[in-house]
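J.: Put chain W on the given structure of chain S with help from the hints.
Residues per chain are reported as follows:
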Amino acid sequence: MGANASRRRSLLPPITSRSLGWVLSVLVLILLVAVPLNGDDYWVRVLTGIFAVAVMAEGWNIIGGFTGYAAFGQVGWFGLGAYTVGVAMSRWGWPFWPSLIAAGLLPAVVAALIGVPILRLRGHYFAIATLAFGIALGELANNLRYVGASSGISLPIGPPFAFFYYVMLAVLVLAVVATWLIARSRLGYALVAIRENEQAAAVLGVNTALYKTAAFAISALLTGLAGGVQAYWSTSIYAPTVFDITRNVDLIVMALLGGAGTVLGPVVGAFLLDGLNEQLTGAFLQWHAVIFGAVVLLIVLFLPGGLGGLVAQGRTGVRNFLRDLKAFRV
Amino acid sequence: MLTVQQIINGLLLGGVLALVALGFSLVWGILNIINIAHGSFVMIGAFVTYWLFDLFGVDPFLSIPISMLVLFVLGYAIQRGIINWVVRAPALITLLLTFGLDLLLSSLALLWWKADVRSVNPSYGGSRIQFGTLVVPYVQLSTLILALAITALLWLFLARTRLGQAIRATAYDHTGAKVVGISLGSIYAVTFGIGAAIAGAAGSLVAVVRPISPTMGASYTVLAFAICILGGLGNVAGALIGGLIFGLVDVFGAAWFGAGYADAVVFAILLVILLLRPQGILGREYSGGTAEG
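Protein chains in written order, with the working numbering: chain S, 1 to 330; chain W, 1 to 293.
Keep in mind that the hints were calculated from the coordinates and are not lab data. On a predicted model such as this, the values are computed, not experimentally measured, just so you know. Even glycine gets a Cβ: it sits at the ideal position worked out from N, Cα and C. A portion of the hints provided could be inaccurate.
Stated by the list, open to error - Footprint (simulated), chain S over chain W, 3 or more residues, beta carbon under 8 Å:
1. 92 to 98
2. 104 to 116
3. 124 to 137
4. 183 to 191
5. 247 to 261
Unchecked claim - FRET-style restraints, in silico, Cβ to Cβ:
6. W/L275 <-> S/P159: 41 to 49 Å
7. W/W51 <-> S/A112: 44 to 52 Å
8. S/R329 <-> W/W256: 47 to 55 Å
9. W/P122 <-> S/G275: 44 to 52 Å
Isolated chain S (complex conformation):
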């Protein structure tokens, strides 16, 4: 009946925020595809880096945003993916593509295996377990002679920057599409149910262990792919850089800023924060980190619900702004 009614009114689909989101996304994608064509290496390099971070934030979003499990070891999957490509290409002489596939699969398998015990932990305890695992992986990479220990791995010189730009963009699109599909699937509903009330979900017959493990593995897979591309792009990898634990927090900040548990939120957050950081670095070499910190402070103080909250609820206008501002005060 509803379908009939709308068909009578107009042949065009109504302009909803959802369709607007689609149009915007496609426009941005077309813009992004066009960037390397103008031959500006600076933007190609900057954006490739932002894509990588956006993939990580989106990967975190599946386990952290949808499922509500605050994973603090996302960088571990990134590093594992990077080292997979590094070892496969420089030690075993594999071509790039099979190595990249391995860089997705290995973290996914490892995540599925360790997910079984550690996804029994909740809240802060899950956070520390994932952090511990990420740190242990990084230290292993920094000490195992087979993977170059502290001197890292050198990879064959790759194609020009634009190649990596497109591959990283493809991984990002894959991550967004995967998240979109998950959000609309049985898996997505199960994950949100687990986030909202895990016991209730279990009682209602949701196989929580299975779905949580699947979310954890997919999250690791996407992040591992980004690490794999990063490895070939940078041609030499070191454990302290690809397993940089402080980035775990950056990712979470990005996802929260843009809106955790939404499809595009973490990507928007990553573009905003990393893009801002990059611009500030260019403009104020000395003071950029100080300004960046201050900006994060101001965002939290004035938008405690995150940008996502603002857009999702259509809560704009001064009165709502002031109400939000007072909502969390003591």
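T.: Leaving out everything else, chain W in the frame of chain S:
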């Protein structure tokens, strides 16, 4: 005798680590704030001690009260002026806020003090007690004793003073606390200030036993986080036990698997403990209330 020496080294290291975690545990347990800037507080405490020693020749142990005072004022001001604005938001929002704070503090420190690694070397730095083959350096022994003393003082303060009781009451039931006339805003600020002051003391002790730099903070935040979970959240003894175990495991891990694997061993053991005992060694069912609602 090697292992006895290692136990001594582990406990000496663990005392300082426990103190690093103590302030973090207090703030987390009482305010439900995961303070990412905690490591930066430790760093600032270390630099207060460093500059007092370097410029005025103040003994590093005598500078502890000064760095505690500086950090208390800083922490109080930060909670009062900034965090109290969003303290009732979900924990991840305050985490975001303290992340920004951490970035601000550590990058300011980097601007002013540069990335140089520095150390505090008092004249008595090398002296030690010798029992047969066992060696106990005075400096490390003093840091352990001071760490224990500060932990005990905090426990006494929380258990015996009116202010301490008010702080605990707020953690258990903030509505009830308000009803009996406790001002939440200032209790939060005092609690955060005390947490920062203990971080400052920890920083002063760290400066005596380890090299310091403006970027040292992040690793101490991670450490504090891990120790709190290990020992059990929101209780003074938990941070102490967690810290001592952490120190022991660190020393043994380094001896058995090589220094490069020390952290991996520590975190592997942490993982096992968590799986066997998810609430931490001394943890009960989480008792510190939240600042929400």
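J.: State for each hint whether it applies.
T.: Status of each hint after checking the structure:
Only residues whose beta carbon comes within less than 8 Å of a beta carbon in chain S count, and the stretch 92 to 98 of chain W has 5; three or more means the coverage holds. Here the stretch 104 to 116 of chain W counts 7 residues with a CB under 8 Å from a CB of chain S, which clears the bar of 3, and the coverage holds. Coverage of the stretch 124 to 137 of chain W by chain S is violated. Counting CB-CB distances below 8 Å, 0 residues qualify, and the rule asks for three or more. Residue count for the stretch 183 to 191 of chain W with a Cβ under 8 Å from a Cβ of chain S: 3. That meets the three needed, and the coverage hint holds.
Counting residues of the stretch 247 to 261 of chain W whose beta carbon lies closer than 8 Å to any beta carbon of chain S gives 3, which meets the minimum of three for the stated coverage. Range check, W/L275 to S/P159: about 45 Å between beta-carbon atoms, so the 41 to 49 Å window is met. The hint said 44 to 52 Å for the Cβ distance between W/W51 and S/A112, and at roughly 51 Å that hint holds. Look at S/R329 against W/W256: about 51 Å separates their beta carbons, and that is inside 47 to 55 Å.
The hinted window of 44 to 52 Å between W/P122 and S/G275 holds, with their beta carbons roughly 47 Å apart.
The structure fails to meet hint 3 from the earlier list, while all remaining hints are met.
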